[in-house]
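Listed below are the residues making up each chain.
6 protein chains.
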Amino acid sequence: MKKHYLQEPEWSWNLPGEQPPTYVHHWVQQLRNTNNTPDMILYGAPISRSSISVSGASLYPTEFRRLWKNFATYNLDEDVDLIPYNVADAGDVSMHTTDILLSHQRIQESTTYLVENYPNTTTCMIGGDHSTTACAVRGIKEAYPEETIGILQLDTHLDVRDPKELGPANGTPIRQLIDGDIVKGEHVINIGLHGYFNAKPLIDYAKEHKIQMVTIKQARKKGLIKTIQKALNDLSSKVDRIYVTVDMDVLDISLAPGVPASTPGGMTTIELFDSLLEIGRHPVVNHIDFVCLDPSKDSAVAETVKTGVYAWLQFVTGRILQD
Amino acid sequence: MKKHYLQEPEWSWNLPGEQPPTYVHHWVQQLRNTNNTPDMILYGAPISRSSISVSGASLYPTEFRRLWKNFATYNLDEDVDLIPYNVADAGDVSMHTTDILLSHQRIQESTTYLVENYPNTTTCMIGGDHSTTACAVRGIKEAYPEETIGILQLDTHLDVRDPKELGPANGTPIRQLIDGDIVKGEHVINIGLHGYFNAKPLIDYAKEHKIQMVTIKQARKKGLIKTIQKALNDLSSKVDRIYVTVDMDVLDISLAPGVPASTPGGMTTIELFDSLLEIGRHPVVNHIDFVCLDPSKDSAVAETVKTGVYAWLQFVTGRILQD
Amino acid sequence: MKKHYLQEPEWSWNLPGEQPPTYVHHWVQQLRNTNNTPDMILYGAPISRSSISVSGASLYPTEFRRLWKNFATYNLDEDVDLIPYNVADAGDVSMHTTDILLSHQRIQESTTYLVENYPNTTTCMIGGDHSTTACAVRGIKEAYPEETIGILQLDTHLDVRDPKELGPANGTPIRQLIDGDIVKGEHVINIGLHGYFNAKPLIDYAKEHKIQMVTIKQARKKGLIKTIQKALNDLSSKVDRIYVTVDMDVLDISLAPGVPASTPGGMTTIELFDSLLEIGRHPVVNHIDFVCLDPSKDSAVAETVKTGVYAWLQFVTGRILQD
Amino acid sequence: MKKHYLQEPEWSWNLPGEQPPTYVHHWVQQLRNTNNTPDMILYGAPISRSSISVSGASLYPTEFRRLWKNFATYNLDEDVDLIPYNVADAGDVSMHTTDILLSHQRIQESTTYLVENYPNTTTCMIGGDHSTTACAVRGIKEAYPEETIGILQLDTHLDVRDPKELGPANGTPIRQLIDGDIVKGEHVINIGLHGYFNAKPLIDYAKEHKIQMVTIKQARKKGLIKTIQKALNDLSSKVDRIYVTVDMDVLDISLAPGVPASTPGGMTTIELFDSLLEIGRHPVVNHIDFVCLDPSKDSAVAETVKTGVYAWLQFVTGRILQD
Amino acid sequence: MKKHYLQEPEWSWNLPGEQPPTYVHHWVQQLRNTNNTPDMILYGAPISRSSISVSGASLYPTEFRRLWKNFATYNLDEDVDLIPYNVADAGDVSMHTTDILLSHQRIQESTTYLVENYPNTTTCMIGGDHSTTACAVRGIKEAYPEETIGILQLDTHLDVRDPKELGPANGTPIRQLIDGDIVKGEHVINIGLHGYFNAKPLIDYAKEHKIQMVTIKQARKKGLIKTIQKALNDLSSKVDRIYVTVDMDVLDISLAPGVPASTPGGMTTIELFDSLLEIGRHPVVNHIDFVCLDPSKDSAVAETVKTGVYAWLQFVTGRILQD
Amino acid sequence: MKKHYLQEPEWSWNLPGEQPPTYVHHWVQQLRNTNNTPDMILYGAPISRSSISVSGASLYPTEFRRLWKNFATYNLDEDVDLIPYNVADAGDVSMHTTDILLSHQRIQESTTYLVENYPNTTTCMIGGDHSTTACAVRGIKEAYPEETIGILQLDTHLDVRDPKELGPANGTPIRQLIDGDIVKGEHVINIGLHGYFNAKPLIDYAKEHKIQMVTIKQARKKGLIKTIQKALNDLSSKVDRIYVTVDMDVLDISLAPGVPASTPGGMTTIELFDSLLEIGRHPVVNHIDFVCLDPSKDSAVAETVKTGVYAWLQFVTGRILQD
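Just so you know, the protein sequences line up as chains A, B, C, D, E and F, in that order. Taking numbering that gives the first Met the number 0, the leading residue of the first sequence gets 0, the next gets one more, and so forth. Taking numbering that gives the first Met the number 0, the leading residue of the second sequence gets 0, the next gets one more, and so forth. Taking numbering that gives the first Met the number 0, the leading residue of the third sequence gets 0, the next gets one more, and so forth. Taking numbering that gives the first Met the number 0, the leading residue of the fourth sequence gets 0, the next gets one more, and so forth. Taking numbering that gives the first Met the number 0, the leading residue of the fifth sequence gets 0, the next gets one more, and so forth. Taking numbering that gives the first Met the number 0, the leading residue of the sixth sequence gets 0, the next gets one more, and so forth.
Looking at chain A on its own, in the form it has when it is part of the complex:
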């Protein structure tokens, strides 16, 4: 069994006593204090020095946890209580200060450790930049080498830049996985593309490898939820498990300034929240990550971090509604 590099999460809350918890920070448990098999394991991958542009996404796991106390454990839209769903926090993968390859290796091994030890648990990785997705998927593949993995990507970018040129940077994870025979191009669906943010050679690569590109415009025309459903159904007919990766830069710049390369013309938060509810409902989705959220770019009201927590809770709500 794989070694892991998970460190205790950077929080420790006063327990609310005998009453059931009503806020997120009292509801999530530390993994080491959890007796039963959790329904979901959270773990942080706080690295962003692998980002092409300057990024503080390494700060996100801590800020993500810090805002939990602003969120109640009840989804009023769906009239659903989150308390029965067990979420355990495994803490952050310990990163090396400068050795990017070593840090990436640790994310991969920690992921293998978690998916081997908790085979029936949904994993949720909190990045970090998008390079971490390649590590996590490789880690899953190592645990389940016989299974095929499909990827549903919500992203403004294809992330198929050439690792031979850039190394394992945040612009390359999908190409790393395709060129490394971990995932097939035809098992990757990207929803959220738009505008002028992918150079032609990348689009050529995507077409050549049959990555399914769905622009926001196309998704809106068909209905975003239907598009998500169709994507998940397509994937689940072809693969054994689905990994969902949410690059927060899929959101419009006015809603999510806290990403390294924010753009106009992106997805709305409502669309993201609805998508994640739907994704959470799907039984073949086993793994999810949220990446490229740079809290240092937020304004004082922390809009992107709040959106990140909300998005994650929508996925949790979907998990609960799934049953």
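Certain hints may be false.
No distinction is drawn between identical chains; accordingly, a pair holds when it is met within one copy or between any pair of copies.
Unchecked claim - Straight-line Cα separation of at most 27 Å, DSS-like style, residue types lysine-lysine; simulated pairs: (1) K199 <-> K163; (2) K2 <-> K199; (3) K216 <-> K229; (4) K216 <-> K163; (5) K216 <-> K68; (6) K216 <-> K2; (7) K221 <-> K209.
Keep in mind that the hints were calculated from the coordinates and are not lab data.
Add chains B, C, D, E and F to chain A, keeping to what the hints say.
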């Protein structure tokens, strides 16, 4: 007749001379200079030390008036001139520096004074935090003890936290009124709820007291304007007068950062503006307030304060179209 | 032939070598280095001291060019490569430090110079404040005095304040052109009006001169694209060439804080992008400008400048799809 | 013995293991985990709704602790290791949401509890607004009614506004104590006054009650350190114990924007740091507080909070050098 | 006698009743309400479209007055009450929207009007950009053509750029006056120069015209106050009246970000305050202005505007101490 | 002879024609266009992914050059024209996206290339984070293996964290050089240390290796310039060449927010400017760098970047005065 604590408003504009005014700061008159009965009386309730979290909502009445000069007295969407509608500014209720109960009492008494002396005039209170709503409604009840009052609340929160625990804080006004037998729970309709911002015990209280909870999601499905119309019709069939309270935190964080607890997933400004136009049209709406707008949280372009003025003008337009 | 005052643009990029360019800064050429007749000529009019309120719109041409490197030359929504379309940058019109009339004259003469010398080329002026539009249209009229010019204006404001009172300020260009017999009021269509941002005398002027006023609300009801199409078709049936002027303050304050007088209730970026795609497609549109974008009011993520570049690229895409 | 209302501090750090701690967050211990009598007890008084102007000083105790990890436990200027000095954190006094008098009472009682139980320990209260100083001093007086207390105040303001008018607001603590016969006016020395920030009636009160007013200008002329020494020597010759209160608004606005009423012309951080080193050295100083630091007014680099932590460590260094 | 273009100031305060005023906004009177000859007349010159770079200095007169309520009418450093000194506010000179020459002419004529009608009153002009200084000095010269005027300038820049090239821009006022034979170069002393902010041709011009250039470094070496005294004594031995112009960009960027061209290495606020106290004391100083303060560049705490008000009050204190 | 990885600088200015340049951007030449041996060569090392905390110091070389146009080529304090001194810009070392070791190697080789080819030219490296200093010094050592190198470091930190633990991070350069036998500890002098920003084990290392630690407090006591002189004289008596490294975090947080770990209690800009003038004067100083300036942390007025350009020009002035 009740004493009042209203002070002159903090503005004094050069009169535009013989030509009719074309901007809001020349159109609104000071109450003490008004000869005829005004159609609407504005008054400020500049208190926010009763807010659970840190709030500068006490600064709003002054900032609200300061931005009037950026707004023309003509609604181009409806092709309607506002000039014929008389708005008088009664100034702000004088607040004690630290005695919250005394300040609240003064808001209540000043409201009683206004509604007794101007029985046919629409009142519009500019908060302050949401605790002021309980004061205003009690003040109206004191003037008209035989009448039943209904509340239409646009809010992300239920505001039914327990005043026994928190005192008369901004999280408690609806519960103060229900527990105090001023308003019945079934006469309260909240539109704008969403997400994870109300803990389960509050939802339990709301259900127990039959508060009608309408999430934004539900309202959008049915049509927000239809939902507003239905709410006002329902209320007007049961109560004698309707008090509308607009907690500006009902708006999405990207549109209204200037509130103490801004959240993603909220109402859009367009939706709020359309709602207020509709609300203004309804004859049984006699009272309105706008609360929890903290100008100090705005960015340099004052987006939330501008939205607050615009929202109020939409209500005024509705009043005019009503006839 | 007219003199011109165009200075080299403030950029000089390393050429990408033998491979075709993949980003905008490698694709746009300097006009003086262009051998063939370009499809579009860009030129800057960096003046904003003619703005009624304080404005840094004079900074926009430089910031516009500086962000080119963040945009790829491929439109993923339309699956269209921009490379075959030739865009040449003529640089900025040289402005006098304090002599506004002289600066305006130079914009006019430089425009005449360009449209006379490149009669089949689309011109795109990057403002500067909205006063520059009057100069550009006069410049075109000087080159083609026999032709009638129609204006499609996307704007929150009518811009028909009285130049007799204000001089050639940014609130007056449309009135300058009507009163100066350059353009007829009935050949001006403004789409994007809303709210309380035009005083009654201006609306009276617009009605008197038969300016077609279309509020965003009306446009949304009919369909914005249909409204644009109808406007362009109406105009093209009456005029010889269409000048499109995009005042960036047509956008909502939450999406475009970087304008001197941002307002709530405005157009969305998606709506603007769709409109410009449609406008670009229309063959009778020969000239366009983008004005009143003040980069100094943007937050650190440069949302309005990015939106400005995106909007321009949408127009370019439309040009390409037109054929 | 008095009841107390102290809650666990909002932090829980991973212990550094067997090696000695090298950063502040590993060095400070929770009071309940401390076996020996600590040299200093920290406690928070997170209230600022008693502030005349809007204040987020209630947020300071949490932010103060959160920045500890940026500070090493070694003072390089003095070549002194802080580790041997035992600092225990008693957590925050539990505040009522709206009942200011009750909250103040709890600060007073908790202070009495601490000074009675730890008679030889230096106490350090982290505010909160300046109203908390009156509570703390009354708490000490209650524990040691026979002793006279002197106050050394570093402040831009006299804080002798009339509690009869304002209640126990942050502008009144010194007057509360003088009018309440807890402290004599002649036992109060204020260093740091300057400019135009105290109205004449307050200066008259101060003169009448023989408060010693030392402007920064005077202190600089004589030498700030000599002025501090003289003040402490004067006080210690007259009183039994000295309470030092540091209102962070004593600092210049360019150095400490994070206070509710920042002013130009204030003390420099170097002057404050030198002063606190000197104050820490003085054996008759038993109690200190740091108040009116509003972290929400800081820019993104948290300059005032960092200055607050640094200032406190200077006092600690002084304590160590004292022996 | 000259026409004037002074408009009522944009404020109107509630009178404090029978008690003497304790804050600045109650102390300053409107000129038209003043019975006796005032000791000082304030007037605003709200123009900044004559600024070379983008400037919001036109906003300063209003912001200057708006902050008065934060300043008491007592100088604690000097133990001096300001109340006996009569300050009257003449309001702002009415500016044309785009006609810079006309606006400049009005400043000049309004200054002539004031100095002719109030020959024994100190005038204090609140800019606006530095171009206004040339207008004011010309206005004084027009009233007293036989008198020689000397200028003491506190500035980072020489402001001797060529008006033939730039027109009457904010970089040219001193050269306008010298080339126009209003003031002799040898009667101009600039204190506050430093660094790399004056191009060589400007320094050559200054040397040629015998402008006395004193760098901050030189002033600090000699003693800034001594330098100021010597400058005033030198000037007063040669000229009939002294005009002092304070370009707020003389201050260091860390203390005064709110100027169009802030620089490191500038004067400190303490130095400026001390200088103005000294300048105020000098009997031959009859006129002063404060220019180039752009409130829109300040951070949320309004540091530069507060510094501007403080600086002005220091000059007032000097006037009082003079007698 | 070594390979180099220098790319053209990201600027290209219009030449000012026949007149001598008066601003920095016209004075500095591109190295490839320089005929004579330049007096100084600038080169950028735009890497900050080797920084321990999140850093945008990689953005500095571009921002440094972009602000040149705000600086004149004349030092008014010293009355010195910079034009005769030849500065050539070699551009930036080309960085790999993720391979830190490779990027470091390129900085080293490019430095070797420059110092071998231009043996009599002063080199000035613009970082990047502080890890680049180790590369540059190793590059010099490679070119001149027989020479001993001394280091004068202006820094808040010792930068002797253990590369065995952190890799070649920005906290380790001095230790890399000492442990790697490139530089002896006794040949390192650090001026600017203060406060609580170096953990005890680092101080122990520094003492053990005889690094000379001079706190700001000590330097101010002795006189900072004397301290600098003494340091340079001491070093020049022991070593063959002196490398000066300026970590911009030596400055106080209020003056230089644009560094990754800004602290209160640091050096003032005036002190830094005076120091660099003195350092520039010293003939044995052959190499300098400016590191750890993160432009993305600056406020809108770019205070730290402006300070960085000013500091570099002070060093240039010193070079000129040296002769």
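Legend entry - Non-conforming hints, listed in increasing numerical order: Result: hints 2, 4, 6 break, sorted rising.
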